[in-house]
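Peer 1: Chain by chain, the residues run as shown.
Protein chains: 2
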Amino acid sequence: MPLVCFQPGGIVAEVPEGTLIREAAQLVGILDLELPCGGEGVCGLCKVEVDGQNTPILACQTKVTSDIVVRLPDRQQGALFVGDSHLLIDPGLLPDAGHLTPLYRRLRLNVPPASVEEHYSDWTRLVREMRRSNGALPVTCDLPVLRRLSASVRAANGKITVSVEESVSELRIRDVQSGHTSAHALGLAVDIGTTTVAAQLVDLDDGALLATQTSYNLQLRRGADIISRIDYARDGERLEELRSLVLETINGLIGQLAKSLLIEPQDIGGAFLAGNTTMIHLLLGLPPGYIREAPYVPTVNFVPELRAQEVGLKIDPQALVACAPGVGSYVGGDITAGLLCTDLPTNNQDVFLFMDIGTNGEIVIGNADWMVGCACSAGPAFEGSGIKCGMRAAEGAVERVAIGDDRESVKCSVIGGGKPAGICGSGLISLLGELFRQDVVDRSGRFFESPGSGRIVQYEGRRAFRLAGGEQTRDGKDLLITEADLENLIRTKAAIYAACSLVLENVGLTWDSITRVYIAGGFGRYIRIADAVFIGMLPDLPLDRFRYLGNSSLTGAYIALLSREHRQRMAEIAARITYVDLSSNPGYMDSYIKALFLPHTDLEQFPTVAETLKSRRREIS
Amino acid sequence: MPLVCFQPGGIVAEVPEGTLIREAAQLVGILDLELPCGGEGVCGLCKVEVDGQNTPILACQTKVTSDIVVRLPDRQQGALFVGDSHLLIDPGLLPDAGHLTPLYRRLRLNVPPASVEEHYSDWTRLVREMRRSNGALPVTCDLPVLRRLSASVRAANGKITVSVEESVSELRIRDVQSGHTSAHALGLAVDIGTTTVAAQLVDLDDGALLATQTSYNLQLRRGADIISRIDYARDGERLEELRSLVLETINGLIGQLAKSLLIEPQDIGGAFLAGNTTMIHLLLGLPPGYIREAPYVPTVNFVPELRAQEVGLKIDPQALVACAPGVGSYVGGDITAGLLCTDLPTNNQDVFLFMDIGTNGEIVIGNADWMVGCACSAGPAFEGSGIKCGMRAAEGAVERVAIGDDRESVKCSVIGGGKPAGICGSGLISLLGELFRQDVVDRSGRFFESPGSGRIVQYEGRRAFRLAGGEQTRDGKDLLITEADLENLIRTKAAIYAACSLVLENVGLTWDSITRVYIAGGFGRYIRIADAVFIGMLPDLPLDRFRYLGNSSLTGAYIALLSREHRQRMAEIAARITYVDLSSNPGYMDSYIKALFLPHTDLEQFPTVAETLKSRRREIS
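Chains as they are written, first to last, in this note's numbering: chain A, 325 to 945; chain B, 325 to 945.
Since the hints were made in silico from the structure, they are not lab data.
Careful, some of the hints might be misleading.
A pair counts as met if it fits within one copy or between any two copies, since identical chains are not told apart.
Unchecked claim - Mimicking DMTMM-like on lysine to aspartate or glutamate, the simulated pairs with C-alpha atoms at most 25 Å apart in a straight line are: (1) K483 to D559; (2) K638 to D466; (3) K483 to E617.
All chains should be modelled from the sequences, with the hints used to inform the complete structure.
Peer 2: Here you go:
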């Protein structure tokens with residue numbers, strides 16, 4: 325099958341010959357190619373450039389017949405920033421840009437003058453104008469706004485611009501200026517992961533995503549996973565240390581975002597945060613100890629709205645900081661935010677499975693009537709941490725691997741193109757699948773004694789796969805994937821699969837009942853579902869039942885930042901999910917051990933993988 | 325008719341022979357004589373002492389047959405503090421002490437432990453307990469509360485005490501402590517008058533009034549009335565000066581209140597303020613200029629709730645500060661607060677008249693369907709300012725005068741007993757009535773050439789009445805009431821009567837339609853209605869239609885501090901009143917000039933006064 329490489333960004337799609345370019349784009353989550361004519365080839369708005377051709381062609385009319393590189397026009401380039409996961413979800417789930425109700429907004433109003441007949445106060449006339457389009461919440465303000473109000477209202481014949489925050493209980497005017505100012509209101513969406521933190525700067529006037537930055541959570545210095553962080557934070561000083569570390573991480577991202585857009589961090593007027601329960605506790609300086617002591621309750625799931633100043637975020641000190649509501653100790657706001665990126669079923673026949681796979685794996689299964697949520701400890705492998713050459717899905721990360729039948733030739737797709745610097749989650753999944761498919765590793769993930777390939781090398785007493793030699797990498801060192809890395813990866817995928825199996829069993833369902841599987845996580849920009857099924861991480865279901873959402877926690881935070889309706893919906897979702905504790909379930913360990921093989925001890929659960937393996941063996945023999 | 329003098333305080337009631345002592349007490353507004361047996365003489369709880377008798381007697385059984393001095397037991401003594409106006413209103417209008425919903429409260433809760441089955445977070449379990457008795461408002465808190473929550477909940481088996489403020493939009497937990505603390509929450513009620521400021525310290529757990537303090541508004545240095553203050557505040561520096569002066573006044577009262585009860589001002593957790601529109605603007609530093617420029621609109625009538633810190637009140641910096649909502653530029657929150665002290669009519673036949681007479685006179689007339697409000701400039705005479713020997717209604721103030729038929733013998737009732745230090749509003753009204761009744765002054769308030777009394781003396785080229793000689797006063801100087809004082813007083817009463825007449829005319833009613841007249845103001849603790857009718861300040865209606873409310877602005881602030889329902893009712897009242905501007909009414913000056921006589925140019929409007937005068941003349945001739 326030919327490969328289509330979309331630039332900039334180097335996202336690769338492998339598609340059957342004859343696929344339209346626009347279909348290939350959709351397959352890899354580029355959803356905003358403009359198709360106002362419905363793909364009839366009439367409007368000409370989906371024009372793209374293809375390397376080696378002189379004139380742009382129409383993505384809706386041109387079929388892929390061989391490997392090509394497609395260059396998207398400027399507008400679509402924005403779609404390819406790392407972290408731009410909101411392009412992976414159904415655009416219908418995003419708030420309507422024409423009717424945003426963000427956490428913080430700038431309203432340009434025309435306050436009518438008072439008259440002898442209608443001698444309403446300046447404040448009353450202002451509030452009436454606000455009410456026209458901003459709902460019925462009580463309106464309040466700080467004193468400096470009142471002090472400037474009479475002059476501001478009169479300076480430009482009633483034209484004023486007010487900066488307004490919307491909490492769950494009130495609209496608060498934080499600033500008033502005369503005239504209609506052009507500066508847009510800015511907001512911040514943050515996903516605080518155990519391993520990776522991602523932040524987006526958002527234009528709150530039109531919902532435009534202005535920039536995304538991600539970085540490792542500096543708390544990694546004090547433990548790779550949630551449990552080790554909780555243990556570390558057992559006294560006040562250490563809790564404060566962890567709080568400072570994650571704040572340093574987020575404030576660093578804010579600084580980068582501000583710098584890239586030439587704004588001051590203080591111009592950011594509101595923030596929406598999503599993170600797992602422990603991350604939110606550590607960020608807020610709440611002692612997390614009770615999260616891991618029976619009966620396992622956190623201080624808070626529905627965090628009250630706070631101010632940037634008290635949280636320590638270096639944006640406008642008075643900015644409202646809202647957190648996505650969590651469900652329980654190990655199913656946090658990152659999950660409820662992520663569920664905003666899904667079409668929840670409206671009937672009982674449709675059962676969905678939502679999996680968010682980061683350092684922890686969190687799973688929600690449900691239908692229109694019920695939702696059950698649980699968690700399993702996955703480990704940070706998919707986010708590049710704990711893997712020798714692992715890295716986040718950033719420029720230079722290998723995100724796709726193809727190994728030739730000779731087990732020697734290797735093709736790597738690198739984010740941003742050029743030489744690789746490391747490998748990210750989707751790259752690891754792809755690599756493990758290829759190693760297994762090409763019989764480089766056995767079903768337990770160990771390299772065969774005699775793989776017949778010069779790529780197998782010794783590393784610290786064990787074997788490793790040399791994905792790229794030093795001459796091909798950015799730092800001049802071999803890009804090695806060790807057997808320990810593969811074990812790490814297999815433990816992770818086993819934990820996830822075992823958790824899903826057990827929840828299904830508990831609610832009396834089988835895999836077949838699942839009509840939709842949503843996959844979220846920080847693997848990279850694009851996880852090939854077939855790869856994940858092949859290694860037994862995802863169930864062997866028809867591929868059209870899967871949707872890859874990318875970092876849905878971040879996308880959910882972005883959506884919630886922009887829309888009151890979605891903030892309310894998220895709270896309803898959090899309240900509806902029943903939390904179950906797998907760790908106390910005696911069947912879990914059994915289920916986990918069975919999943920430690922590739923794809924699984926029980927090959928019957930993976931019929932298409934078994935079929936591929938069988939035909940492969942036939943070819944070889 | 326015999327006189328009953330209640331001590332301590334020296335409140336005098338003139339009652340028909342045979343009146344029960346308890347009826348006399350009710351007449352002058354002492355409403356809390358305990359009568360659990362309904363006045364049957366059974367319970368013995370209404371025992372009082374009568375000077376000259378050896379044993380206490382029952383107030384409900386003893387008739388007044390001659391002048392007596394009644395000494396109230398300790399509990400009733402509290403009722404006689406200056407400013408204790410809430411004892412003058414129908415007790416049924418006060419919030420139920422068992423179900424208070426104050427602006428700030430202390431809740432002693434038992435938070436149940438979490439269990440494996442019910443693993444709600446600490447916050448959720450706390451909020452559920454709060455909800456049982458505190459309504460459905462969203463609950464929020466500051467971050468330090470969350471940080472201490474998990475430890476506080478566990479330290480005393482779920483027993484915690486939370487300090488909670490209730491704004492119009494949310495309940496905010498400001499503090500959490502483990503165990504059930506005994507310290508009560510404290511609040512502040514303030515009436516900010518143009519001349520006088522009064523503050524009360526209130527126990528928010530049981531509604532008890534702990535102490536009251538009043539003082540002149542230090543802004544008096546910069547103008548006696550609202551208009552001169554607005555003019556003075558025309559630039560930012562002077563506005564800031566006026567703001568500082570009223571803050572200094574209020575903070576001084578807070579300091580005295582705190583000292584008298586041995587508490588720290590920072591222990592006061594919430595404040596409710598009532599004041600006229602200009603006073604509130606000056607306190608908050610809002611430029612007041614537009615109040616007196618057409619079309620006469622203030623910056624704000626419904627002031628958003630603020631924090632003590634931003635306002636500058638020296639109580640808990642985070643304390644919520646709420647202001648009674650105003651109606652317009654010259655009908656402020658003092659009036660809506662005052663209306664909380666009245667039984668507003670529930671049908672259209674009952675028309676009420678509410679008059680608040682301070683430095684400004686404000687009037688509201690209405691029935692169940694409509695309310696009209698307006699203002700007239702009265703001047704500070706009733707509050708003792710602008711009067712040579714005037715003083716606030718405090719210890720040492722003459723509050724009642726009787727002049728003998730010889731025009732020489734004078735009896736003064738002095739607040740707190742002893743020698744007089746000056747004269748307050750009710751004393752002035754009483755004095756003017758007596759001077760007029762005894763033909764010491766003519767109908768324009770001028771002393772007759774030959775009054776035949778040694779009490780008429782010369783003072784600065786004009787005549788004056790020597791109420792007390794230097795040997796009888798505290799400072800050893802004559803207590804003089806000058807002709808200029810009397811003119812001042814007559815202008816004031818004329819402005820009030822003229823305003824009422826005009827509003828009645830505008831709504832097509834006559835005086836007879838008024839079924840209830842509420843009189844509020846800073847005259848003193850007790851204004852004798854008959855005196856005020858005699859000088860033409862109040863209409864000549866049957867005396868049983870009048871109710872004297874005292875400082876109803878302060879009482880209303882006290883009520884609102886304690887009760888959500890009353891805060892809401894006050895806002896509804898403010899929204900319902902239609903504001904009319906008398907100053908632009910061409911009939912006002914005409915009406916005013918007619919009222920500059922004693923009791924009025926048109927004696928037909930005062931039939932009982934005319935009758936008294938006629939019979940008096942008959943006696944003399």
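Peer 1: Looking back at the hints listed earlier, which ones does the structure fail to meet?
Peer 2: Failing hints: none at all.
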